[in-house]
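Trainee: Top line first, the protein sequences correspond to chains Z and E. The numbering used here applies: residue 10 is where the first sequence begins, and numbers increase by one. The numbering used here applies: residue 9 is where the second sequence begins, and numbers increase by one.
To be clear, the hints were calculated from the coordinates, so they are not data collected in a lab. Quick caveat, the model's predicted, so the values are computed rather than measured. Do not rely on the hints blindly, as some may be mistaken.
Said to hold, decoys possible - Below 27 Å or equal to it, Euclidean Cα-Cα: the simulated DSSO-like pairs (lysine-lysine) are:
| id | chain 1 | residue 1 | chain 2 | residue 2 |
| --- | --- | --- | --- | --- |
| 1 | E | Lys140 | E | Lys33 |
| 2 | E | Lys24 | E | Lys123 |
| 3 | Z | Lys214 | Z | Lys248 |
| 4 | E | Lys123 | E | Lys140 |
| 5 | Z | Lys244 | E | Lys123 |
| 6 | Z | Lys93 | E | Lys123 |
As the list claims (entries may be wrong) - To give a feel for the contact side, a few chain Z residues facing chain E, derived at Cβ under 10 Å:
| id | residue |
| --- | --- |
| 7 | Leu126 |
| 8 | Phe130 |
| 9 | Met132 |
The C-beta atom is built at its ideal place from N, Cα and C for all residues, glycine as well.
What follows is the residue order along each chain.
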Amino acid sequence: VIMADLMQPFWQGGPSPGLFYEYPGKWSSDVASPSDARNRTSQPTVTGTSVLGLKFTGGVIIAADTLGSYGSMARFRNVSRVMKVNDSTILSAAGDYADFQFIKAEIEQMVIDEEVLNDGFFMSPGAVHSWMTRMLYHRRSKFDPLWNSVTVAGFYNGESFLGSVDKIGIAFKSASVASGFGAYLAQPLMRKAIEDNGDNLSYEKARHVIEECLKVLYYRDARSYNRYEIAVVTKDGVKIEKPSSSKPDWNVANVVRGFE
Amino acid sequence: MEAVKQGSATIGLKSKTHAVLVALKRAQSDLIAHQKKIEKISPHIGISISGLTSDARSLGNYMRSECMHHEFLFNTRLPVSRLVAAVGDKTQTPTQRYGRRPFGVGILVAGFDEKGPHIYQTCPSANYYNCKAMAIGSRSQSARTYLERHLNEFADCTPEELVRHGLTALRETLPSEQELSVKNCSVAVVGEGQDLVAYEDEQVSIFLDLLEEKRSSRNVPAPQQQEAGQVGELPGLVPPVSGQPREDEEQPMDM
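Chain Z on its own, in the form it takes in the complex (with noise of 0.2 Å):
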């Protein structure tokens, strides 16, 4: 009997000695503590959509178009997705946008240091890829991953370079590359491009496959754009080119029933 009178509430609704600390809204799962941002996984939110990859004799293409998406919306339509490392090595990412600068700007940095030691060495694509694998596997150890799909693609030692690294840390190299829905829609053709060259595509006929295959994806994805920028790496160093654009041909919309 005297262990209940102890065990009365302090005031109605207030904490009662000896129990758990039981306090308004404890159970309540709309209320978010502040650490919960930080041990959540995040959310993108500015995004790119998919970029190709693909190794020609000589070198490598990339391809992204220059939309920044805003969930359905296509808000930044004038966004860079590729950057060049140095002169052996440029990436691009799918994925949020924010993390792409983060990535950039990190990278950036590493090449001002290795120009500052100015002793005659500097990253190679592998190296590049290397890094960016560590980085990405070890940020969604965290729990705190950056939301990207990166392509790193280079031409190093008579060699060409092509890897593909995943926000969870999957990291590969492949003649060709594709994120997003790339994955499903041009990486069949790019596959078939190589296969019927066998493994010997020429600098024409990969930059032909990869401007049919961003045509391909203006059609079919709905969060692409028609604006894009194609980059090339060989000996000769690298060449990011102006935006340009598919020609599209709309025709098969005469046949089309039911969106009149």
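We have chain Z already, so just place chain E on it with the hints.
Mentor: Same frame as chain Z, but now just chain E:
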């Protein structure tokens, strides 16, 4: 600085494709094993030390961890120059902080990277030098003289010939009663298509045998200079006229 001069001699030299280290291991007494001088830092870098062994271990561990860290992040081998610069940065701090003492060890670094083979020397002063060939440690001046004399031959040597030059130079540093043997010698080789290999004990005999072949046809050169306080230890030495020891001609360590 003194500690480095008191440690037993070690020599590094390189050709166009390889870098080698040879070292004379010292035993405090017959009861104690010869002190290891050559350590592997990574598949492409080896070091040889002269001076305080404990400080050498500390720096060696640091060098290993730098190499591993770089390989983990970038999947490429750490350029030798960058590793040596990192050692220089680390050893500089205790030369400028109150209450700390410099690392009492001189290191010869032999490494191979994209720019070819390298020999670097680091000092307790935190200076480091990119060398074509170098000898440090006790009585190393005779070895340096040998290296200077034969410098132009090294570029085209095979690794075996490099080691033979190294051992010949090492022999110059020995007191007359000592001989190079598998007990007191170690060798390391690294280079193009050849990850670092260190040779100890019995394995060194293949190189010592090369030396024997040459010995019979070799003219013994007169050693040029004498270390302070060690008059008369090497055959053919001329003691200083005035009776005062000559100025040491060790590589200056800017302090």
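Trainee: Are the hints correct? Go through all of them and say.
Mentor: These are the hints, each one checked on the structure:
With a C-alpha separation of about 23 Å, the suggested pairing of Lys140 of chain E with Lys33 of chain E holds against the 27 Å cut-off. Taken as a hint, the Lys24 of chain E and Lys123 of chain E pair is honoured in the structure, with Cα atoms around 10 Å apart against an allowance of 27 Å. Restraint check for Lys214 of chain Z and Lys248 of chain Z: the C-alpha separation of about 18 Å stays at or below 27 Å, so the hint holds. The straight-line distance between the Cα atoms of Lys123 of chain E and Lys140 of chain E is roughly 14 Å, inside the 27 Å bound, and the hint therefore holds.
Between Lys244 of chain Z and Lys123 of chain E the alpha-carbon distance is near 19 Å, which keeps this suggested pair within the 27 Å criterion. For the hint pairing Lys93 of chain Z with Lys123 of chain E, the CA-to-CA distance comes to about 24 Å; that is within 27 Å, so the pair holds. Residue-level restraint check for Leu126 of chain Z holds (minimum Cβ-Cβ distance to chain E is 7 Å; threshold 10 Å). Given the 10 Å rule on beta carbons, the hint for Phe130 of chain Z holds: about 5 Å separates it from the nearest Cβ of chain E.
Taking 10 Å as the C-beta contact cut-off toward chain E, the hint placing Met132 of chain Z at the interface holds, the least distance being around 7 Å.
The structure fails none of the hints (numbered hints given earlier).
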